[in-house]
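Asker: Chain by chain, the residues:
2 protein chains.
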Amino acid sequence: MLPFARVAIIGMGLIGSSLARAIRQAMPTVRLTVTDASDHVRDRVIELGLADDVTDGAGAAVVDADLVILCVPVGAMAAVAAEIGPELAPDSVVSDVGSVKESVLRVLSEALPGAHVIPAHPVAGTEKSGPDAGFGELFRGRWCIITPPPRADQMMVERLGEFWHRLGSKVDLMDAAHHDRVLAVTSHLPHLIAYSIVGTASDMEEVTKSEVIKYSAGGFRDFTRIAASDPVMWRDVFLNNRDAVLELLGRFTEDLVALQRAIRWGEGDALESLFTRTRAIRRSIIDEGQDTDKPDFGR
Amino acid sequence: MLPFARVAIIGMGLIGSSLARAIRQAMPTVRLTVTDASDHVRDRVIELGLADDVTDGAGAAVVDADLVILCVPVGAMAAVAAEIGPELAPDSVVSDVGSVKESVLRVLSEALPGAHVIPAHPVAGTEKSGPDAGFGELFRGRWCIITPPPRADQMMVERLGEFWHRLGSKVDLMDAAHHDRVLAVTSHLPHLIAYSIVGTASDMEEVTKSEVIKYSAGGFRDFTRIAASDPVMWRDVFLNNRDAVLELLGRFTEDLVALQRAIRWGEGDALESLFTRTRAIRRSIIDEGQDTDKPDFGR
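Chains as they are written, first to last, in the numbering used here: chain A, 1 to 299; chain B, 1001 to 1299.
Just chain A, with the same shape it has in the complex:
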């Protein structure tokens, strides 16, 4: 039996369109209704044949859905919730895929008092955007973190877990606030740093932009890949996980200033000792299967 029979996806960018493709592959009998705020994206979704129905507005998309998944930037959740609220079927589950969970849980719970609001975050993605960038294998072998509110309907939480499991994900449950602290470390700070360093590099006067690009194989290009991720999505992540990001940024700056001091005073042992410690963490990530051990060329 399918965990959900009629699924609505609001927002057909990289994640929404990957989700549509993955549902088609894993649960082909699901009735899939989707929409997007952009005319161009909706047209493209029709051309690509990604859903059974493509509606003009979010309200029309959710009318008889038993699972609604909001795949919009975190800052757009409130507006979408206001739009779908009056149209939601009774007992439908409203979930999302945002990278921040506490603010999404609060916004959706306030706007949709009758619905089963169960936020989720598939820890998967690429630096690409839009419906053409999506692919059905995106979630396979990746973690999906579900952050139910304290008094969530356990049956509904299990059905949502089963849904993600069928898309190939490994499923974890977590408190929303803890999720935001964990992801601040594993995702939000790395993105902020990457955006920042790419900005710094492109502002150098003594080193031309073409030199930066030409010799980027030295390490810089890995940052540019991260810093090519969707600008609006990431703006909203930082604005909505402000406290955790600022706290972590404070620690990072402290650590970086300590390294800066070690370089200035020629304290080689301190540098070597940190650089040795970080190597062990890489080893653990490979052992956990979160990345391959295949070396990356051209550093």
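It is possible that some hints are incorrect.
[To be verified] Partial list, computed: chain B residues near chain A (C-beta under 10 Å): (1) Ser1038; (2) His1040; (3) Ile1046; (4) Thr1200; (5) Leu1246.
No wet-lab data here; the hints were simulated from the structure. This structure is a prediction, so every number in the text was calculated from the model and none was measured. Each residue gets a CB set at the ideal place from its N, CA and C atoms; glycine is no exception.
Please arrange chain B on chain A, whose structure you already have, making use of the hints.
Answerer: Structure of chain B alone, referenced to chain A:
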């Protein structure tokens, strides 16, 4: 005609052993003599059959070489130069593969007043270390930056360029000090930041190390790859390119603090505008062929 007929490689780690393999493939008639400070590495090089001769000391390796390439950490250059100085053949070229060039040029020129010192830096590598990690294709399609001193013998510089060209590299000439400023941007600062953020993450009390590892696909794992690079090599890079790294680190910290402020005060436009600008730089790197456009899974 071969640019050099008898090549000595001092240091058989990732780069030295890749160089040996690449020379074998591209110029099989070159007489190749190598050595390494570690007994274990020398034994392994013999087992792998990477050279014609493996000597116990650096002095013995260079005796009749017309090209000597030092593939040791930048901080070990002075000691190796002192060892090989008395044994160098007249008119031999002494080069290296270090990521810092001004200090290497100074150290080698002072220690080897009679030799043709022509430093070089192949902008290539992986996060792996040791003779087993090397491979002959490492330099193919990558830039090799040669930084001759002002009064270098032009014929020797050309021969060294031809040598790297035959290994598959694209060759550039650059002033040593300018090289160090360019690489501070494209390589040294990215590595320092990656080491620092991985250290910060592993020190968090509220987020366990296993959570960091488990959800690293969110961006963090790309930093761990960079932060798995050789600790001694990188310690020496920072100690020997101190001024350029500190200057750049100052700019980076300024930019990061500005971002921090934008997050604290909810200035979404400032964030979005930076995040949009950095995307364009990624595009240029792909257009230049310095990375592929294949999306990276699992962010």
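Asker: Now, for every hint given, state plainly whether the structure supports it.
Answerer: Hints versus structure:
1. Ser1038: 17 Å, violated
2. His1040: 18 Å, violated
3. Ile1046: 24 Å, violated
4. Thr1200: Where the cut-off is 10 Å and the nearest Cβ of chain A is about 5 Å from Thr1200 of chain B, the hint holds.
5. Leu1246: Status holds, d = 6 Å.
Of the numbered hints stated above, those contradicted by the structure are hints 1, 2 and 3, listed in ascending order.
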